[in-house]
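Undergrad: One letter stands for each residue in the lines below.
2 protein chains.
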Amino acid sequence: MWHLYQFPLCPFSRKVRLHLAEKGMAYELVREDPWRRRDEFLNLNPAGRVPVLREDDKNIVLADSRAICEFIEESFEGNAMIFGNALQRAEIRRLVALFDEHLYGDVTAPLLQEKMKKRLVTREPPDARVLREAMKLAHEHLYHIDWLVDNRAWLGGPRLSLADLAAAAQLSVADYLGALDWRGHDQAKSWYSVMKSRPSFRPLLAEKMDTIQPASNYADVNW
Amino acid sequence: MWHLYQFPLCPFSRKVRLHLAEKGMAYELVREDPWRRRDEFLNLNPAGRVPVLREDDKNIVLADSRAICEFIEESFEGNAMIFGNALQRAEIRRLVALFDEHLYGDVTAPLLQEKMKKRLVTREPPDARVLREAMKLAHEHLYHIDWLVDNRAWLGGPRLSLADLAAAAQLSVADYLGALDWRGHDQAKSWYSVMKSRPSFRPLLAEKMDTIQPASNYADVNW
Numbered sequence: 001m002w003h004l005y006q007f008p009l010c011p012f013s014r015k016v017r018l019h020l021a022e023k024g025m026a027y028e029l030v031r032e033d034p035w036r037r038r039d040e041f042l043n044l045n046p047a048g049r050v051p052v053l054r055e056d057d058k059n060i061v062l063a064d065s066r067a068i069c070e071f072i073e074e075s076f077e078g079n080a081m082i083f084g085n086a087l088q089r090a091e092i093r094r095l096v097a098l099f100d101e102h103l104y105g106d107v108t109a110p111l112l113q114e115k116m117k118k119r120l121v122t123r124e125p126p127d128a129r130v131l132r133e134a135m136k137l138a139h140e141h142l143y144h145i146d147w148l149v150d151n152r153a154w155l156g157g158p159r160l161s162l163a164d165l166a167a168a169a170q171l172s173v174a175d176y177l178g179a180l181d182w183r184g185h186d187q188a189k190s191w192y193s194v195m196k197s198r199p200s201f202r203p204l205l206a207e208k209m210d211t212i213q214p215a216s217n218y219a220d221v222n223w
Numbered sequence: 001m002w003h004l005y006q007f008p009l010c011p012f013s014r015k016v017r018l019h020l021a022e023k024g025m026a027y028e029l030v031r032e033d034p035w036r037r038r039d040e041f042l043n044l045n046p047a048g049r050v051p052v053l054r055e056d057d058k059n060i061v062l063a064d065s066r067a068i069c070e071f072i073e074e075s076f077e078g079n080a081m082i083f084g085n086a087l088q089r090a091e092i093r094r095l096v097a098l099f100d101e102h103l104y105g106d107v108t109a110p111l112l113q114e115k116m117k118k119r120l121v122t123r124e125p126p127d128a129r130v131l132r133e134a135m136k137l138a139h140e141h142l143y144h145i146d147w148l149v150d151n152r153a154w155l156g157g158p159r160l161s162l163a164d165l166a167a168a169a170q171l172s173v174a175d176y177l178g179a180l181d182w183r184g185h186d187q188a189k190s191w192y193s194v195m196k197s198r199p200s201f202r203p204l205l206a207e208k209m210d211t212i213q214p215a216s217n218y219a220d221v222n223w
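Respectively, the protein sequence lines represent chains B and G. In terms of full-length UniProt numbering, the first sequence has 203 at position 203, counting the first letter as 1, and numbering is strictly consecutive. In terms of full-length UniProt numbering, the second sequence has 222 at position 222, counting the first letter as 1, and numbering is strictly consecutive.
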């Protein structure tokens with residue numbers, strides 16, 4: 001059995017969960033709060049980060065979400081999420097990197113820092129200036145998604161790809177934390193509504209953290 | 001003809017240069033200082049980052065160093081830098097991510113910020129505290145490389161792989177900036193000496209920036 005060590009609001013764990021679900025792979029979740037730095041978890045991944053994908057019978061331990069997704073693509077056929085010729089695959093991977101690094105760095109990471117870690121770990125109040133800046137930059141990323149949706153069937157090309165999963169994973173965390181203003185982003189909103197409707201997405205929308213409740217429209221497909 | 005838009009001290013540009021050279025691909029360098037944010041360059045890569053790999057005749061523009069390296073692997077046979085079964089390939093990619101993200105974030109990025117950007121762009125003096133912290137963390141990464149070299153022929157497995165190129169690219173920038181203390185790291189040093197001796201590495205070692213000179217032993221294979 002595959003086990004995914006993950007944290008509910010980790011966008012990279014969410015990307016891998018969506019990928020596993022789209023592939024139809026059975027797996028079990030293991031909750032891991034990376035800031036606790038458990039010895040047992042650090043033995044699995046010295047970098048101390050989630051997600052980690054583990055298969056005990058085969059003695060497999062995989063770390064880094066992009067390495068995990070490439071492994072999933074190479075190991076399990078059907079419903080490819082990185083597809084097409086080398087050029088199309090490079091475009092999907094470019095967008096995955098853009099969402100993993102820029103959307104995360106500009107929006108998700110500061111939101112998690114201010115709205116989650118400060119509450120759960122350091123018990124400080126959030127910095128309103130940092131939150132405003134993240135919400136401003138979120139608009140830039142939503143405009144980019146509007147543009148992609150205007151020009152393609154899906155973000156990475158003619159079919160659902162890892163680019164859609166990577167973007168939706170980041171946005172779902174920002175949305176949980178109530179930081180997305182969808183007004184003026186009809187194309188991005190319609191795309192995200194379709195993403196939310198997918199069976200792969202439902203478990204994410206149903207899951208709640210004890211101490212931090214999701215924004216009111218977080219789980220609504222039509223909001 | 002392939003053109004690589006790059007900056008001499010960008011570790012991700014260096015990784016792609018090493019990869020192209022190990023593959024024996026002919027290409028031309030285009031110097032791009034990303035902080036200038038040239039319109040022509042932003043049209044190629046709206047994220048504004050180097051490296052970008054371009055082929056005009058085929059109308060190909062590729063961005064993101066990992067997406068570029070996957071493209072190179074998929075498009076040009078021979079001398080594979082991501083090889084083996086899915087598990088071995090995942091291990092190579094895990095290490096590439098570790099060097100691209102952690103070694104860069106802990107060591108190369110603060111060094112570039114303090115020793116290059118402040119000098120070239122903002123004209124501020126470097127922050128000695130930040131430099132000390134980066135040099136301290138560099139030891140942790142060198143210990144990790146010592147451990148890998150003790151346990152494997154090369155960092156990512158039995159042969160030279162993209163993991164070696166990614167690590168050497170980061171370390172070569174830190175070494176240029178005079179921030180690596182190799183004492184106590186005999187294994188890492190012997191591995192890096194072998195890397196420096198490779199024909200793919202020579203052009204990097206020969207190249208100098210006008211305003212920032214390399215450390216005295218930067219280009220020596222035996223130092």
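Simulated from the structure, these hints should not be mistaken for laboratory data. Careful: at least some of the hints might be erroneous.
As the list claims (entries may be wrong) - Think about it this way: if two alpha-carbon atoms lie no more than 30 Å apart in a straight line, the pair counts; the simulated BS3-like pairs of lysine-lysine are:
#, chain 1, residue 1, chain 2, residue 2
1, B, Lys58, B, Lys117
2, B, Lys117, G, Lys136
3, B, Lys208, B, Lys118
4, G, Lys23, G, Lys208
5, G, Lys118, G, Lys208
6, G, Lys189, G, Lys23
7, G, Lys208, B, Lys118
8, B, Lys208, B, Lys136
9, B, Lys208, B, Lys23
10, B, Lys136, G, Lys23
11, B, Lys136, G, Lys117
Undergrad: Look at each hint and say if it fits the structure.
TA: Results for each hint:
As the CA atoms of lysine 58/B and lysine 117/B are separated by approximately 35 Å, the hinted pair breaks the 30 Å bound. Distance hint between lysine 117/B and lysine 136/G is fulfilled; the C-alpha atoms sit about 26 Å from each other, no more than 30 Å. Between lysine 208/B and lysine 118/B, the direct Cα distance comes to roughly 18 Å. Compliance with the 30 Å bound is thereby established for this hinted pair. For the hint linking lysine 23/G to lysine 208/G, the alpha-carbon distance of about 24 Å falls within 30 Å, and the restraint holds.
The straight-line distance between the Cα atoms of lysine 118/G and lysine 208/G is roughly 18 Å, inside the 30 Å bound, and the hint therefore holds. Distance check on the hinted pair: lysine 189/G and lysine 23/G sit about 25 Å apart at the alpha-carbon level, within 30 Å; holds. For the hint pairing lysine 208/G with lysine 118/B, the CA-to-CA distance comes to about 44 Å; that exceeds 30 Å, so the pair is violated. As the CA atoms of lysine 208/B and lysine 136/B are separated by approximately 26 Å, the hinted pair is consistent with the 30 Å bound.
For the proposed pair lysine 208/B and lysine 23/B, the alpha carbon gap of about 24 Å is at most 30 Å, so the pair holds. Between lysine 136/B and lysine 23/G, the direct Cα distance comes to roughly 43 Å. Violation of the 30 Å bound is thereby established for this hinted pair. Pair hint lysine 136/B plus lysine 117/G holds up; C-alpha atoms about 26 Å apart against a cutoff of 30 Å.
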